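Those protein sequence lines, which keep their order, are chains A and B.
Residue numbers for the first sequence follow numbering that gives the first Met the number 0, so the first one is 0 and each next one is one higher.
Residue numbers for the second sequence follow numbering that gives the first Met the number 0, so the first one is 0 and each next one is one higher.
Bear in mind the hints are in silico, worked out from the structure with no lab data behind them.
There may be inaccurate statements among the hints.
[What the hints assert, rightly or not] One-sided and incomplete, this derived list gives chain A residues near chain B with beta-carbon spacing under 10 Å:
1. N17
2. D45
3. V406
[Said to hold, decoys possible] Simulated pairs of lysine-lysine, DSS-like, Cα-Cα distance not exceeding 25 Å:
4. A:K397 / A:K284
5. A:K38 / B:K36
6. A:K250 / A:K210
7. A:K284 / B:K33
8. B:K119 / B:K157
9. A:K250 / A:K236
10. A:K236 / A:K247
11. B:K36 / A:K284
12. A:K38 / B:K33
13. A:K397 / A:K320
14. B:K10 / B:K157
15. A:K320 / A:K210
Everything numeric in this text was worked out from a predicted model, so none of it was measured.
Every residue, glycine too, gets a C-beta built ideally from N, C-alpha and C.
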Amino acid sequence: MNTNSEKGYVALLGWSLNAVEAAADFDRRYIVVAPDWAKDYCDQHDIPYMPWNFERINERSMEIAQKLQELGVDVAIPLFEETVEWAGAINSVLLNNPRLLGQSMLMRDKSLMKRRAQLGGIRVGIFEEAHDRDDVIRFLRRVNQTLLKLDGDPNDPIHFKAFDKAGCLGHRVIRTPDDVDTIPDEEFPALIESHLDGWEFAVEAWIHDGKIRFLNISEYVSLGYSVFVPASPELEKHRAAITQQIEKLIKVFDIEFGVIHPEYFLTSDGEMYFGEVAYRPPGFKVFELLERVYGFNAYQGMILAFDPKTTEQEITEFFPKEVEDADGYAGCFGVYPRRRVVSRLEIPEETEDHPYFESHELTPPMEETVTKRTAFGTHWGLVYFRGADADEMFTLLKRQQELDFYV
Amino acid sequence: MTQVDTADPAKRQRLSQDLDAAIERLANARDFAKPAKLMPVLDLARRLMLADGFAEIEARSQALEAAGVFAGTDWAQPHILLPALTCHSLKSPSSDVVVIEALSELRLLAIAMGDVVHAKVSAEQAHHFLTQVLAINLSMLFTPMSEAERESQGRLAKVPRAMLTYLAERIGFEYVMDQLIAEIWRILRQRPIQVDSVKQMVTQIAICRGSANLNLNNTGLGTEALIQGADRLVSSLFGPTQLCREDPGVAVYAERLQHLDSSALQSEAFGCSRAMHDTGLVSPYHAVLLRTLCESQPHLIVDALGLSGTGRDSLLCYHDLVKALIEEAVTPHTPQAIYGLTLMLERGILYQPAVAPSLWRQLSLGLSPWSQQRLNLVFGSAVSPRTRLLEGVLLMLGLPLGIGQGNNPTCQSARALSIWSHIDPDFLLQLIASAARDDEIIMHFEGQPISSAPALEDTARPLPIDLDPVSILLVPHLDFIYGAMGRLCAGREGDPHRWINPEFHGWRVCRGFRINVNVATGQLENLEDFLRHFYAYYHPYYNGNQPLIHPQPAGIAITDSAARFIGWHAITIQRVALDPNGVMRVYFYNPNNDSGQDWGDGVVVCTADNGELYGESSLEFERFASRVYIFHHDTQEPGEPDKVPMENIATIQGYIQRSWGKERCAELTLQASPGAPQA
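Same shape as in the complex, but just chain A:
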């Protein structure tokens, strides 16, 4: 598509093929900022590219900001957890707003983030920072005392999350002191929090000029396994309340633009508890799912939300009407091998023959022995479904957990 130099010029921080494709097909100038290994690929395919290794933010962060400024870039868009604070640092220069760096640091630290939310009057569970295994054991004991458990009663679990990892990486569920022993040293310090029994869901909100432009609710069928959009009618009933919560979040974190991806628990008494928020596209390919049901490209929506030159009319016309404009439900399931030894990939017949089955991106196994899953870990690939009925989608996604994709 021809680019329009009247509109903004964006930098994509991190390498995501789908994001690059979306940008290439959009009407704005863009440049990919990614590590050296992406260079050959970008050269080969004429993708505008600037090399940068995103390690810990350091004194050189000014350098990349200046380089981008010289090019005339208007705003930087983080694609991964690891590039969020880089985007903050760069945008504080490009947009001449030093507050953006501090904001991005908040987003990167799960503990700070929770405290900020709590200060702003948002409900959160009980949480603490853990610096070693004793902290975790003490917390586990205290939480269960609070719940009036007697010795010998099964513990309520607690959640252990490495401070700065995305999504399910480094996320463990701890039930007993034995579980604590399996945590490797390098995962400390970490956030520990009480388990909230409830309905867990995530939200993706596109924000421009401090206003929500599109709000999607993603329903988790099983955390770490499956998600679908839009949410089921039962969850969508809470949309008004959820929107209020997001507006509160925007205010507390002082967010003017961008895409946020918070997670919440809805307890049985209708209270909403804030889990955490990320300032980047969600994992689990929710963007792709949205495209399947709404037809708009969520990355392009993200570019619009970030671009300071986006006009009110442009962004209003871009997004469809939530839920009403969705053509069915799209979901995906993350496959983990269930057996300890696998020799090949075989999609179960009942999965493949289900009318909702769309496609998968699983690859044949590289090794025969499956490493034991510690934390929630990384799935081996996703399976995509699409269909007209939310209940059927829910049952179908749930059912996948009982099937072997690797045999």
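Once you've looked at the hints, dock chain B against the given chain A.
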């Protein structure tokens, strides 16, 4: 025939619609985004194939190719594809490989049927290609899925079968049979030692002829030859003579033989030997007959083996030895031993003083437990390991050029076995005895002994299983020693074959050595000098009309049918001579199992019709020279290198530049001699 689920049309329609959408997304994607869009296309195609939707896919084949399904793979160049490779890809455990191969076949089908016009392949070429694919994969058409396929492919194993069935129905079975029979004859004319797969194919023809699937009378042109060709193959295995025409089973045949008089027995003997010499295949009935004759009418052995004057003399001189060999090696489970024995007698090698005593040793050789276990594992225990090995020994001595390396990277070992069998048979028998009995052979490298014993101790090393009985035992030893010699050359400048080849193969390999590739840079060097000396040692017009005395190992740059470099390969130059048309050809031994290969740019290796002996490959001298990168020569016999005309050199340089030398020509362009044709 393979059974396919009769999937409901509604499912096919739904999948076809999804496939259309996926093809469109792939077609519209930018180059860099294609890989991610390809996966849904392949996956939907696979599901459509599982639902028997081949017609739907055939109809979309042009859209699929245009969208870029084959982009960046060999399948994007249908004119260079090799039918022989389809049997590997269709059996691949990776569903993507199976599906893309099937898609390619269905595309060629659309081209062959005239529904689609392709820039690179004509309808005739596509048709020819597909008939070869069917012939090569015929077993999948007629036999049920094997446990191995089920294990490695699962549900996917249905796809190649159903696809081949669909192809066969669209193209017509008669073409398949025609092609298959021609293919079998082509292989048999190379007289390989291992004929199990050929025998399987012949068995399949026999089964087809018995079923209603094949109506040979409807095939139009060439029918007569076709029927005869098929008949000859089937009868040579299952009914070589009148007395066993209806394939009664060996027990019945043995019983019938008891009631024959001498002249009827002689007629049986003629029938069997004729079938054997026609095809190189030996029927189990032949074994029964020969054993019977050995006991009761030994004077008819000559006729049962179909011997010429030389063979007859050998037989008469070494009658006891031959009788003992028949008794020990020839059984209905090892009928090919007869062919090995026959050709060994014809070669006259029994007259070399050490050969007959070596064979006596072989007859009573005690095999080590490792050897016995190995032979039983590979060949089963229908006959004793000693008998199995003896069959292998006879075949190797009878068919030195029929040795194949199987699916193993051991061309040097196969080549060495061939050379020894050809010119040094008692040495070969010595090695066999050492390996089979002692689990060790010792060879020397520049005076330093190397023992092969560690080869069998290393359990991590995969052992070959697709070889003849002698190779099964010897190749692990030889491969180990070859590797050890290579390690002893570490640090020496240049190519180690200079020293390894003469030490490994024996004194008959000349010590003069030339190579035209710089080992360090991979660039061509001294090309003209190299070629002139190649002429001067091997070409009779420039070496004083001296026929090659001992076969010489040489190194070849192998190229594919698009003349792209594949790798280095070991062959033996057997002889250089004028062919029946007066063209100077190099006749050589290639340890590959099937030597009929297209090396691209018009360099097509022949295996018959140009004066080749059984098992020899041949090329015109210039074309052969264009693929040589290493040869040995006798420095005391320099020949006349200066007399080689510049235009011959230039022609060869042209072939090199258009193929494996394309990226190795830094020097070549500098010295580009006047008059060299530019490719």
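Hint check results:
1. N17: Status holds, d = 7 Å.
2. D45: 9 Å, holds
3. V406: Result: holds, 7 Å to nearest chain B Cβ.
4. A:K397 / A:K284: At roughly 18 Å apart (the allowed maximum being 25 Å), K284 (chain A) and K397 (chain A) satisfy the hint.
5. A:K38 / B:K36: 22 Å, holds
6. A:K250 / A:K210: 10 Å, holds
7. A:K284 / B:K33: 18 Å, holds
8. B:K119 / B:K157: Outside the cut-off at roughly 30 Å; violated.
9. A:K250 / A:K236: 24 Å, holds
10. A:K236 / A:K247: 19 Å, holds
11. B:K36 / A:K284: Between K36 (chain B) and K284 (chain A) the Cα gap is close to 15 Å, so the pair holds against 25 Å.
12. A:K38 / B:K33: With a Cα-Cα distance of about 18 Å, the restraint between K38 (chain A) and K33 (chain B) holds, given a limit of 25 Å.
13. A:K397 / A:K320: Roughly 28 Å between the alpha carbons, so the hint for K397 (chain A) and K320 (chain A) is violated.
14. B:K10 / B:K157: 18 Å, holds
15. A:K320 / A:K210: Holds, at about 15 Å.
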